[in-house]
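Respectively, the protein sequence lines represent chains A and B.
Note that the first sequence covers residues 1 to 193 in my numbering.
Note that the second sequence covers residues 1001 to 1316 in my numbering.
Don't read these hints as lab results, they were simulated from the structure.
Beta-carbon label-pair distances, calculated as ranges:
id	chain 1	residue 1	chain 2	residue 2	range
1	A	158	B	1210	49 to 57 Å
2	B	1029	A	22	33 to 41 Å
3	B	1020	A	33	30 to 38 Å
4	B	1031	A	25	36 to 44 Å
5	A	25	B	1192	28 to 36 Å
With a straight-line cut-off of 27 Å between C-alpha atoms, the simulated BS3-like cross-links for lysine-lysine are:
id	chain 1	residue 1	chain 2	residue 2
6	A	115	A	174
7	A	11	B	1165
8	B	1050	B	1161
9	A	61	A	79
10	A	160	B	1316
11	B	1215	A	77
12	B	1215	A	79
13	B	1215	A	61
Each residue gets a CB set at the ideal place from its N, CA and C atoms; glycine is no exception.
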Amino acid sequence: MNIPNAWLNNKFVAEFQSNLRLQWMTVVIAAILLVSLTKHFADLIESEKQQIQTSIDLAEKYQRTASSSFDTEGVEKLKQTQTSWLDAIPSAFSASIAEASALSEVEQKVNKLIKAKRLNLIGSEELTFASEVFWQVRIEIAGQVNPANLIDLLANFDSKDRHVRIASMQFNPKAANTVNLVVDIMFKRVSNA
Amino acid sequence: MVSVFPLQSLQLLISKLVNRLDRWIWPQNKAIDSTSVSFYQFQPFPHGLKKHQVSGWVKLQKKRLTPFTTSDSYEFVSTSGLHLWICTSPFTGIPETAAQQALPDGQYIVQGKNHAYRQTWSKFQLINCEVMASVSEISQGNNDITKLLQQNEHGWAIPRKLDSKLRQASVWLGIVAFCAICVVVWMSTAYLSGTIQRSAAEQQVTALQETLGDKLSMQADLNQALDVVNGLSNWHQEYAFLPETLASVASVINRQNNWQLNTLTWQNRVISMEVYSSDLDITQMVVDLEQLPNLTQINIRPHISDNTWILEATVK
Chain A
1 MNIPNAWLNN
11 KFVAEFQSNL
21 RLQWMTVVIA
31 AILLVSLTKH
41 FADLIESEKQ
51 QIQTSIDLAE
61 KYQRTASSSF
71 DTEGVEKLKQ
81 TQTSWLDAIP
91 SAFSASIAEA
101 SALSEVEQKV
111 NKLIKAKRLN
121 LIGSEELTFA
131 SEVFWQVRIE
141 IAGQVNPANL
151 IDLLANFDSK
161 DRHVRIASMQ
171 FNPKAANTVN
181 LVVDIMFKRV
191 SNA
Chain B
1001 MVSVFPLQSL
1011 QLLISKLVNR
1021 LDRWIWPQNK
1031 AIDSTSVSFY
1041 QFQPFPHGLK
1051 KHQVSGWVKL
1061 QKKRLTPFTT
1071 SDSYEFVSTS
1081 GLHLWICTSP
1091 FTGIPETAAQ
1101 QALPDGQYIV
1111 QGKNHAYRQT
1121 WSKFQLINCE
1131 VMASVSEISQ
1141 GNNDITKLLQ
1151 QNEHGWAIPR
1161 KLDSKLRQAS
1171 VWLGIVAFCA
1181 ICVVVWMSTA
1191 YLSGTIQRSA
1201 AEQQVTALQE
1211 TLGDKLSMQA
1221 DLNQALDVVN
1231 GLSNWHQEYA
1241 FLPETLASVA
1251 SVINRQNNWQ
1261 LNTLTWQNRV
1271 ISMEVYSSDL
1281 DITQMVVDLE
1291 QLPNLTQINI
1301 RPHISDNTWI
1311 LEATVK
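So here's chain B without its partners, still in its complex pose (with noise of 0.2 Å):
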C-alpha cells in the first residue's frame, strides 16, 4: 500500500475540484488514445528560465527531443517542466498515459488498455514512463506496484482552461466587477429594508408621542425624581452614620459597668474602639451587640493593657 503524505492528498484533492470545476465550466469530451505506441519524455525547466521564456524553451526542446522525422507528439507543460508524448504515426486522441489519474510518488507497474507501462511519479507528475515489451512481463518477478490504468476526462495532463483564464487580467477584471455587483446589490437591499425599518419605527413613536401627551412628562418627571432621590439618598448613607452607630453600641456597653474610650476610629463602615472597664462580660456584650440590626461581623480581642479590649463592628 502507498502511503501519502497529508499535503500530497490535500494537493490531489485540490487538483480534483478544479479539474470538476474546470470541466464543469467548459465541458468537453476528447478522445483518448490507447492503442498508439509512444516514448515519453519529461525535460525539467533549467534553473533561472524566465516566464516568458518558456514557450521558446518548449519550442526547442520539442525539436531536439523528436527523433524521429515524421511523427505527432502531444505535449503538457507543468509546474515543474515540460512533459512530451512521442509517435510516429499520429495520435487519434490524447495519450491514455495523459488521460490517466496521477498517482502518489513511487513506482508502478501500470496495465492500459492494449499496452503496460512502468511509470515512476513524483509529486503526482510522470517522470519516466516505459512501454513494457508484453503484458507478460508483469507478473514476472518484481516488487512494483501493479495498478489499472484508470484513465478519464480529467487526466493529469490535460492542460485546463481555468488555469489559462485565470492567467489573464480581464478575466479578474471580470471577478472583481461580479464581486461589486453583487456587493452593491446586497448593500443597497441591506440599506433599503433598514430604512423601511426605521421609517415604520420613526412612525410609530410619533404615533405613540401623540397618544401618550402628558404621560411622557409625567413618565420623564418620575425618572428624574427618582433620580435625584436615590443618588442623594445613597451619597449620604455611603458611610453610614457614625453619631448613630457610636451611641447603639455605646448603649449596649453601658449595660454591664463603666467604661473608658480610649481610642475610636470610624473608616469604610467600621467603627472600631479600644474600650477599658475593670469588669466587663464581654460574652454578653457580643451577643448583644449581635442584636443590633444595624452591626454586622462583632470582633472583640483583648489589648495588651489589663482591662482592655478592642471592639470592631462593622454597620450593615
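Excised from the complex, chain A in its bound form (with noise of 0.2 Å):
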C-alpha cells in the first residue's frame, strides 16, 4: 500500500485541505504553543542561570578563601569576644520568659531608687545575628526618683551592662522629680531540650 497516497486520502487530511478556517485555527494553535514554548524554555534557561551564577559566586567565594591566609590569634581572640558578648547576655527558653525576666531585673534595679513606680511591658522582639536569636524587651518604668538617687539609678544602666541599654527618658525635678525610663533588656534564646 502506498502511504502517501494513503495519507493523502486520509479523511482528515482532506478536510484540512478544504476548510480554511480549520487552517487558520491550526496556525493560531500552533503560534500560541509556540509562544508557551518559547515561555517554558525561557524560564528553565532562567533558572539554570541562576544556579550557574550560584555555583560560580560559591567557587570565587572559595578561591577567596583559598588564597587567603588565616590569623589564627585574630580567629581565636573574636571567638573570645564572642563567647564574652553572649555570656553578657543572660538566656531565656521563650519570649515569655525573657519578658518574665526583663521585668524581674528592672524590678530590682529600680525598686529603692523609684517611688511610686509603674512599670509597663511595651514588648519583645525577636533579633538574630548570624544563627543566634536573641529577644529585646522593651520596658517603660514611670515613677518618681530623688534627684540625690538619679545618678545610683543611672548607674544600674550604664554601659558597662551589656544586656542593656537606655532608649529615652524624661526626668523632672521641678514637677515632683517625676521620670520616665525606656529601656530595652536582650536576652539570648536557649533551646530547653
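Using the supplied hints, reconstruct the complex from the two chains, each of which is provided in its own coordinate frame.
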C-alpha cells in the first residue's frame, strides 16, 4: 500500500485541505504553542542561569578563602570576644520567659530608687545575628526619683551592662521629681531540650 | 515639486522593500509592452463588497468594461478596486503604465518610451490614464508636472507573489514551524552550554571543598563570630549611653559654679538639660563641651526664667 496516497486520502487531511477556517485555527494554535514553548524554555534557562551564578559565586568564594591566609590568633581572639558577649547576655527559653525575667530585673534595679513606680511591658522583638537568636524586651518605667538617687539609678543602666540599654528618659525635678525611663533588655534564646 | 506626506513616503518605502523581497524570493523577468496603445479603466470596489465576492465582481467588470469583441486585457486588483488595461491587439508584455513606479497624489504628464500619458494618482494608485494624441501635446501650455516614465519589474500594478502567499494558512504554518525550530535550537544550545558551565563550576567547588577542608569551617566560624559580635555591639551602642554622657556634661558644668538640674531629656542620642546657675560662663562651657570627644552639635539657649539655660548635645 502506498503510504503517501493513503495519507492524502485520509479524511482528516482532506477536511484540513478543504476547510480554510480549520487551517487558520491550526496556525493560531501552533502560534500559541510556540509562544508557550518559548516561555517554558526561557524560564528553564533563567533558572539554569541562576544555578550557574550560585555555583560560580561559591567557587569564587572558595578560591578567595584558599588564597587568603588565616590569622589563627585573630580568629581565636574574635571567638573569645564572641563568647564574652554571649556570656554577658542572659538566656531565656522563650519570649515570655524573657519578658518575665526583664520585668524582674528592672524591678530589682529600680525598686529602692523610684517611688510610686509603674512598670509597663511595651513588648519584645526577635533579633537574629548569624545563627544566634535574641529577644529584646522593652520596658517603660514611670515614677518619682529623688535627684540625689539619679546617679545610682543611671548606674544600673550604664555601658558596663552589655545586655541593657536606655532608649529614652525624661526626668523633671521641678514636677515632683517625675521620671519616665524606657529601657531595652536583651536575652539570648536557648533551647530547653 | 510634489510634496509627499511622511506617511505616504513611508508607505512607498515599505512597498518598495516588499517588492524587492518578492523579486528576491521569486525572481522573474517579465516583458514590458511599451508599444501597444491601451486604454485604462479604474473601477473602485462597491460599498459592502465581501472578500469572497471580489473574483466574481472582477470578472463581471472585465466583461462590462471591455468594449471590443476581440481584445486583450491586463488586470490588477488593488486594495481599492480593479485596474484594467484594454487593448485591441494582444499585449506583448505588461503595459508600461502598469510597470511604472507609483507616483504621489496629483496629476502628471508622463513620457513613456513611445507614448505620452496624462495620469491622475491617488494614494499611489493610478486613477486615470489617458494616452495623449501626440508627444508635442506635452509642451502645449499646461501646468501638469512632466515626468519621465520609469518602468521596471517592481511596477506598481504587477501583482506580488508574496501577497498571495501570505494569505495562505499553510505558509504561516511553515513560518511558525521555522520559528519553533529556531527557538528549539537556540534554547537547547543555551541550556546545553549552561549545563556544561554549571557542571564545571560544581566540579571546581567540589575540588576546592576537598582542598580547603578545615579552612572552610574556620571561615564559617569566623563569619559567625563576626556577625554576632557586630550585631550585639551595634545593638548596645545604637542609642549611646546616657549615664556616661550625663557624667561628662556634668563634669564640664561643675568646673564653673554650683548648678541645678531642672529637667533632663534623653532621646535619639540627644541629651537636653535645663540648667539653673547664678553665675555661668556659657561661652567657656560650650568651648569645654566641644572639646569632649564623644559629643557633637552643642546648642545652648536661654530659658524664660532668669539664670536658666537649655543645653543640648548630640552623642557621636
